[in-house]
Structure formats: C-alpha cells, structure tokens
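Asks: Using the working numbering, the first residue of the sequence shown is number 904, and each one after it goes up by one.
It is worth saying that the hints were derived from the structure and are not from the lab. Owing to the predicted nature of the structure, the values given are computational and were not obtained by experimental measurement. One should not assume that every hint holds.
Straight-line Cα separation of at most 30 angstroms, DSS-like style, residue types lysine-lysine; simulated pairs [what the hints assert, rightly or not]:
| id | residue 1 | residue 2 |
| --- | --- | --- |
| 1 | K1011 | K920 |
| 2 | K1172 | K918 |
| 3 | K992 | K1083 |
| 4 | K918 | K964 |
| 5 | K1062 | K1083 |
| 6 | K920 | K1172 |
| 7 | K1011 | K1062 |
| 8 | K1011 | K992 |
| 9 | K918 | K1083 |
| 10 | K1160 | K920 |
The calculated label-pair distances, taken between Cβ atoms and stated as ranges, are [to be verified]:
| id | residue 1 | residue 2 | range |
| --- | --- | --- | --- |
| 11 | D971 | K992 | 52 to 62 angstroms |
| 12 | G1179 | E1013 | 44 to 54 angstroms |
| 13 | G1133 | S1074 | 52 to 62 angstroms |
| 14 | G1215 | S1114 | 26 to 36 angstroms |
We treat Cβ as the ideally placed atom computed from N, Cα and C, and that holds for glycine.
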Amino acid sequence: MLVKDMSASLYSLSKVKVFTITIISTLALTLGTLVAMFNLNFTILSASLPYLNAEQLYVSKTVHYIKDRVEFDDFTPIPMLLEIYENEKTPESQTALFGYSEEVIRSKVETPQVNTTYTTPEFMPMLGFTFHLGRGPSTDEGLNSMQPVAVLSYQAWQKYYGQAADIVGQSIQIDQVNFKIIGVLSEQNREPEMLTPGRLTDVWLPWDYYSFQRRDAQHWGITLLIALIGIYGVLNYGVSMRRYELGVRIAIGASPKSIVLGLLGENTKVICTALGCVTFATVAAMAWLASSEVMFSVSLLGFVLPLSLIIGITAATTVLAASGVITKPALYSLRSH
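Could you put the whole structure together from the sequences, leaning on the hints where they help?
Replies: Spelled out as structure tokens, the structure:
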C-alpha cells in the first residue's frame, strides 16, 4: 500500500513539473536560510570560544542615549571604561581595554592603511596569544605609561615587512608617533572578531594612544517571519491549483483523511528533496569555511530545529489549505474550477 501511495504521489508531482521544481527550489532556499540562521545563532550564543577559560570571558558594552533616544547602540563612554578597568580587578579576575581604529603607516613609502587595535597589557594574555618574535606589552607599558610600543600581527609582518627577522626593535610611525616594535604574534592566534566579521588587526598599540573615536553601531538580523510566510504561500498555492482534482476525488468517494495524507506525502517528498539540496550546499560551505580558517561551529540542533519547524509548518499549511476543499461539497470545488 505504501509503495502504491508513493507511486501515486510521484505521478501527481510529475504532472506539474514546473510547479514541483518551484516548490523544491523555494523550500531549499528557505530551509537553507533557517539552517544558516540557527547555526549562526549557535556560533554566537552557545559555541565555545577557542580561548583559555573562555566561559569566564565577558565583553562590556552599553547603549548611549540622547534625549531618550538611542544615539549609539554599541558605545561605552571612555570614563566608564576606565572606571571599570581600575575598580573591577580582583585576585581572581582581570580586566582589559580595547578599541578599534584605522591608521596609516607613515614610515612606509607606500603609506598603507592598516587596522589597529588599542589595548592594555592584560588583553593578549587573556586570550592566550603567543608570539613568533619578541613579546607583548608588559605591565610597565600599561595604562598612563605613555610607552610607544607596537606589536605586529603575523600577516602584517609578512605583508609590510617581508618577514624580516630583525623586525623587533625597529620603529613604525603612526599618527606622528614613532612606536617601537616589540613583537610579532604567532600565525596560529585567533583574534576575536567583535567589530565586524573578517576584521583582523594588523598593528596592536597601547591604549594611551587611542584616538577615542566613536565606533559605528553594528546592526544585523534575519527575519524568520518572511521565510514562514513564503512557505505558506507556496504550499497553499499548490493546493489551490489542485482544487478541481481534489473535488473529483471527493466526489468519487475519497475520504478527507486520505486527501490530507496524500497532500502531506507529496509535500514531505518535496521537503526531503529540498533538504538534500541544502545539506549538499551546507557541507560545501562548511568545507570552504574550514579552508578559510573562519571560526564557525555547527550544532545538531541547528539542523533539527529548522527541519522540525519546516515539517510542522508544512503539516499545518497542508491541513489549512486542504480544509478549504474537504469541508465543502465536492460539487462546490468542481463549480469553482
């Protein structure tokens, strides 16, 4: 009986090839968006960070208001940062300051623009950074010391200084200040991308030289409701297009239950096909992310939850759409066609 039902479902789908392909591609895109959203949320909210004692790391951010209106969604006043930095230290915990900017290396003929991060000495040890050459800032080079020292990333050392072995001790001029290069970070270090994805620091400088420029607020989001409405519209349209066929089946004695189960079977096959396409695309995307060394985590829940949502929405949509046919006399469906 099951084989017969499957054959009948496949035959029905083969009669509307364009519509079937449209449903498969739409569901594949929708399900792919859901999988990406849930895995992105898992990476941001639940996945462990590749740092020592990652569960004990916290980032402080505040919202800046002007006349009861949010002026900066991700802006912490400098005095507040300094207050937290000075007063929240305990024997069991440490605090560190960091701020992002872009500067020009004036000591290079080509004057390249580079990404800079201004930090206090505690920042690099917190994240377990190691050094290919030299060292990081010491406590004597901390807040209010005004020690012009700099640390290069491994990539910046390769790109701008040709992997010079004697780079430690040389000077780099940024914003009219000559900084002494004291170290080069190891290639294996994983910098947290907290400003924007893919933004990596080229030169690390002391917090004392931070320009205190306001950071642009970062906004992002994915609207799940649009995807759900799209699924409902596609499936509901499919049932509406088959109103005449369903009316005939009801007229010759088909039960409402068989009508609903048949539609569910067809829609489930379409979803499984879309899921196969999404799985293939996801595996390819994960392989690409792994090759590009992007921090990305995948959870089983990130696949199961969107799939469950899709199945639930499909079932609800099918029942709602079919109810418009099975709750009316068969002649009504035929007449409306």
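Asks: Quick check: does the Cβ-Cβ distance between G1215 and S1114 fall within 26 to 36 angstroms?
Replies: Distance hint for G1215, S1114 is violated at roughly 52 angstroms.
Asks: CA of K1062 to CA of K1083, is that 30 angstroms or under?
Replies: holds, 18 angstroms
Asks: Is 52 to 62 angstroms right for how far apart the beta carbons of D971 and K992 are?
Replies: Since the Cβ atoms of D971 and K992 sit about 34 angstroms apart, the hinted range of 52 to 62 angstroms is violated.
Asks: Holds or violated: K918 and K964, Cα atoms, limit 30 angstroms.
Replies: Violated - the C-alpha atoms of K964 and K918 are around 57 angstroms apart, more than 30 angstroms.
Asks: Check the hint pairing K1011 with K920 against an upper bound of 30 angstroms on the C-alpha distance.
Replies: violated, 62 angstroms
Asks: Check whether the Cα positions of K1160 and K920 lie no farther apart than 30 angstroms.
Replies: holds, 25 angstroms
Asks: Assess, step by step, whether the Cα of K992 is no farther than 30 angstroms from the Cα of K1083, and give holds or violated.
Replies: holds, 29 angstroms
Asks: K1011 and K1062 were given as a pair; does the straight-line alpha-carbon distance stay at or below 30 angstroms?
Replies: holds, 12 angstroms
Asks: K920 and K1172: Cα distance at most 30 angstroms?
Replies: holds, 14 angstroms
Asks: Note whether the CB distance of G1179 and E1013 lies within 44 to 54 angstroms or breaks it.
Replies: Between G1179 and E1013, where Cβ atoms are some 50 angstroms apart, the hint holds.
Asks: Take a quick look at whether K918 and K1083 sit within 30 angstroms of each other, Cα to Cα.
Replies: Outside the cut-off at roughly 74 angstroms; violated.
Asks: Does K1172 pair with K918 here, judged by a C-alpha cut-off of 30 angstroms?
Replies: holds, 15 angstroms
Violated hints, in rising order: 1, 4, 8, 9, 11 and 14; the structure is consistent with all others.
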